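Protein chains in written order, with our numbering: chain A, 1 to 164; chain B, 1 to 415.
Heads up, some of the hints might be wrong.
Facing chain A, according to a computed beta carbon distance under 8 Å, are these residues of chain B, among others [what the hints assert, rightly or not]:
1) H197
2) D348
3) H351
4) H353
5) Q357
6) V358
7) A368
8) G369
9) H370
10) K374
11) P375
12) M377
13) A384
For the record, the hints were derived by calculation from the structure and aren't laboratory data. Only a predicted model underlies this, so the values are computations on that prediction, with no experimental measurement involved. Glycine is no exception: its CB is placed at the ideal position from the N, C-alpha and C atoms.
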Amino acid sequence: MSSNLEDLYREVILDHYRSPRNRGELPVPPAHRSEGFNPLCGDEVTVFLDVDPDTAIVRDIKIQGQGCSISQASTSMMSAAVKGQTVDEARRLIRAFKALMSIHETRLEGEGDGSDLAADLEGVRLGDLEALQGVVKFPVRIKCATLSWNTLQQGLDEIAAAGE
Amino acid sequence: MNLDAMPLDVERIRRDFPALAREIRGQRVVYLDSAASSQKPESVLRAMDDAYRCYYANVHRGVYQMAEESTAAFEAARAKVTRFVGARSSRELVFVRNATEAINLVAYSWGRANLQAGDAVVLSHMEHHANIGPWQMLAEERDIELRWIPMTDDFRLDLSTLDELLRGARLLAVTAMSNVLGTINDIRPLADAAHAHDALLLVDACQYVPHVATDIVEWDADFVAFSAHKMLGPSGIGALCAREEILDAMPPFLGGGEMIRDVRLDGFTTNELPWKFEAGTPAIVEAIGWGAAIDYLAALGMTEVRDHEERLTRYALDALTERFGDAIHIYGPRDVSIRGGAISFLFDDIHAHDISQVLDQRGVCVRAGHHCAKPLMRRLGVPATSRASFYVYNTEAEVDALVAALVAAEAFFRI
């Protein structure tokens, strides 16, 4: 198998794909439910979020849906990274992950030097998530990796809007 | 299978397609995505190049020599397309951008002139979004009812309730060949059933015309939509073929140049058929390229083309089943006499995208996704499939390359 392919399918990705974390559902309410679709490939994800209204901590997160190994692994890693974090930390992670996915694109198109994105990445520990960086070399797969993150962001926005 | 058909000389055919000589990551490309779009032979590329280099001018306008040559080549291409599908006259052959636009034209023009609230349009579960979207848009606007012909478990139309579905219907719109399953639908009985209920029949023939000799008069279809790019021609041009009296009665679709006979400040009169539906400068050179593609297919012989694809499809179905057994799910009929060369498949626990990615490393091009047929994917209970599809230039060796690449993909993702 070529090295390219192994850049994409790192062992930690295959591990999350084969044993996804935080699968299941949460009762709604009190949990919040948001759905994401990738119209390109038909992948679907549902994110259940239980956010403590007083402390703004993501007490629990559960995931349902189907997709390719990249989208499933990214979703699983996302759930593990966000669980137990505050909403602000979760948003910082979303920004950092998106930066990880788009640095390459930005440089290609010659828009800026990527320093804004670097700022988003600074001081955020992505851990396992960095294994997904190889996805950037396969531009059509970036949407697979970002699907659950966009759905998480949508969920957090909806919770914030409901709380206002 | 036709026993008189001479096998295609595929090695010679392959030399006519420059893109097939391409290497990807050091390996000769294995192009198995012709159901999405086909590759183009030298003769098509040359015909289009010649048109631009030697006699390019706008059509139906100038009285100088180049304009006359350009117009003659453009209309000669229309005549070739007309003959190729067995239409009665060039007046019935309207050039559009693609099959999707052809169906939209029918929905917009015929649909708005003829359908009222409560009227029904009958579709099937195996339609491409191109034959769903225009009708759903119209249904929303006009409050018409959409009814669906279901599918049997062996991937064919379930016609047991057809009479009931057609009661009060104004139009039946179905595909002649499913882009996902390969299933060929027998059109003539559908036309007879529709007409018995005073409904018209629209056929989405864009997967059928490239692969099977087509006679739309024998079909008795009222509207037929298809495109050039799946049949060795360029992208950007397709056709709506329809009965002259129906086209005559339809209001124009787009307004502008060419579709008009006379314009006054207080109104206009429309041009004759088919130009009434061809507003603006058409895809002149694409039409000429399409004509060359039809010459190429006609020289091969559509009986021979169909024969080659049946043989290759049987070889592929056998090879996939033999190698993977119960691990592979193939969505479509097993009997090659009632199907085309698009084979959709899925492995347990391996997503179609992941399969395609590994295949791409070996230069094997297949389609992964929902194939613009989401209602069908829901009926099949899968989010996506991989699809390999064949055409005149594909070989058994390429099927072997597909199987070998799938073995590698399966090994890679197996737990």
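Now the hints, each set against the structure:
| no. | hint | in the structure |
| --- | --- | --- |
| 1 | H197 | 35 Å, violated |
| 2 | D348 | 13 Å, violated |
| 3 | H351 | 4 Å, holds |
| 4 | H353 | 4 Å, holds |
| 5 | Q357 | 7 Å, holds |
| 6 | V358 | 7 Å, holds |
| 7 | A368 | 7 Å, holds |
| 8 | G369 | 5 Å, holds |
| 9 | H370 | 4 Å, holds |
| 10 | K374 | 7 Å, holds |
| 11 | P375 | 12 Å, violated |
| 12 | M377 | 6 Å, holds |
| 13 | A384 | 5 Å, holds |
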